[in-house]
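S.K.: Next come the chains, spelled out residue by residue.
There are 2 protein chains.
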Amino acid sequence: MKTSLGPQSILYPTPTLVICTYDPEDRPNMMTAAWAGVCCSSPPMVSVSLRPATYSHANIKLHKAFTVCVPSQDHWREADHVGIVSGRNTLKFQTTGLTVKRSELVEAPYIEEFPMILECKVHEVHELGLHTQFVGEVVNVMVDEDVLDENDNVDIERLRPIIFSPGAGVYHGVGELLGKARTNRNLEKGGDEEEE
Amino acid sequence: MKTSLGPQSILYPTPTLVICTYDPEDRPNMMTAAWAGVCCSSPPMVSVSLRPATYSHANIKLHKAFTVCVPSQDHWREADHVGIVSGRNTLKFQTTGLTVKRSELVEAPYIEEFPMILECKVHEVHELGLHTQFVGEVVNVMVDEDVLDENDNVDIERLRPIIFSPGAGVYHGVGELLGKARTNRNLEKGGDEEEE
Chain A
1 MKTSLGPQSI LYPTPTLVIC TYDPEDRPNM MTAAWAGVCC SSPPMVSVSL
51 RPATYSHANI KLHKAFTVCV PSQDHWREAD HVGIVSGRNT LKFQTTGLTV
101 KRSELVEAPY IEEFPMILEC KVHEVHELGL HTQFVGEVVN VMVDEDVLDE
151 NDNVDIERLR PIIFSPGAGV YHGVGELLGK ARTNRNLEKG GDEEEE
Chain B
197 MKTSLGPQSI LYPTPTLVIC TYDPEDRPNM MTAAWAGVCC SSPPMVSVSL
247 RPATYSHANI KLHKAFTVCV PSQDHWREAD HVGIVSGRNT LKFQTTGLTV
297 KRSELVEAPY IEEFPMILEC KVHEVHELGL HTQFVGEVVN VMVDEDVLDE
347 NDNVDIERLR PIIFSPGAGV YHGVGELLGK ARTNRNLEKG GDEEEE
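Protein chains in written order, with the numbering used here: chain A, 1 to 196; chain B, 197 to 392.
By construction, these hints were calculated from the structure, which means they are not laboratory data.
All values reported here derive from a predicted model rather than from experimental measurement.
For glycine and all other residues, C-beta sits at the position ideal for the given N, C-alpha and C.
There may be inaccurate statements among the hints.
[Stated by the list, open to error] Here are some chain A residues the structure puts well away from chain B; computed CB gaps all over 10 Å: (1) 62; (2) 89; (3) 155; (4) 164; (5) 180; (6) 182.
[To be verified] Calculated cross-link-like contacts (lysine-lysine; reagent style BS3-like; alpha-carbon spacing at most 27 Å): (7) 2/A with 260/B; (8) 64/A with 101/A; (9) 317/B with 2/A; (10) 260/B with 101/A; (11) 121/A with 101/A.
Same shape as in the complex, but just chain A (with noise of 0.2 Å):
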């Protein structure tokens, strides 16, 4: 049986990501986000839904580039921090002890610290309500190179992202593996034939 919640904002599970930017003076800025996700594969983008309120919405503006860095587990509490204060009156690269870079392909900061980092171009720019989602082009992807298997994927147990739960508000690290994708075209036969 199923209950009505009404209208909201909820979705699991939900990525904590945190975006870079640079703000009029060159300063480098972050800040956590959670409304985001790929939303194109070719050419690759993500989108990255900001309120207008945020620091971080005019620097995106101005430059037109922001990067996606994905933190890991051991880098939650920053995580969480840098949704907290602004960078108005907080330099959070400060606060946060966390090691800044320029990136060489777009207009922005990355951190050193995180494992993954999108580096990306303005692509398209949507006022939705109380937040306006940039649509960014994914110039480049840098990695630890630690965090990649032995075909160079991303192993998520190695990256070990953050799953955020909107509503609860709380955080959680990646489970146990359930199975590979795309071998269950046949569910009588129980699956595991890998698909050409």
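Given the structure of chain A, go ahead and fit chain B onto it with the hints provided.
M.R.: Coordinates of chain B only, in the frame set by chain A:
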């Protein structure tokens, strides 16, 4: 030391969702989607990206509605299956054995066995490239009562959603609790003070 992977559409965690629609003959269809996320808090909106080649794409354009059905780990095989076969030649509600119900609020069906359903009306459509991004306004969220915590928030450990890994193509469950959001205003204090 970071290594560059070039432009890629990867992000972690990425959700595993099943989008339900009616076709032109009012037959229910469902397909897996991972390029999705919340994109606005007020009004509540989610975005879901599908390729124009999919059967569901035309169904959404026709009815201007869809549901986002969140599978639990128990249905990872069914969630994988409906991303492999097409609704053009397969009645997926039959091959999966899942129960279809009709939304009372939008022109779309949903899956009774899945613990969380977002009923969505199309708000905007963005042609981005290989994928079309549908921004849906969430007019209602339905959940199984047993996934709610004592504050009537969704408890992700009871919902047990599925994490998809692009690239490696594997599914994972949700792992251990890391901590509570908005408790790390002052990192030097070690956190744990809740924000007002």
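S.K.: Hint by hint, say whether it matches the structure.
M.R.: Against the structure, the hints come out as follows:
1. 62: 22 Å, holds
2. 89: 13 Å, holds
3. 155: 6 Å, violated
4. 164: 7 Å, violated
5. 180: 5 Å, violated
6. 182: 6 Å, violated
7. 2/A with 260/B: 24 Å, holds
8. 64/A with 101/A: 18 Å, holds
9. 317/B with 2/A: 20 Å, holds
10. 260/B with 101/A: 44 Å, violated
11. 121/A with 101/A: 17 Å, holds
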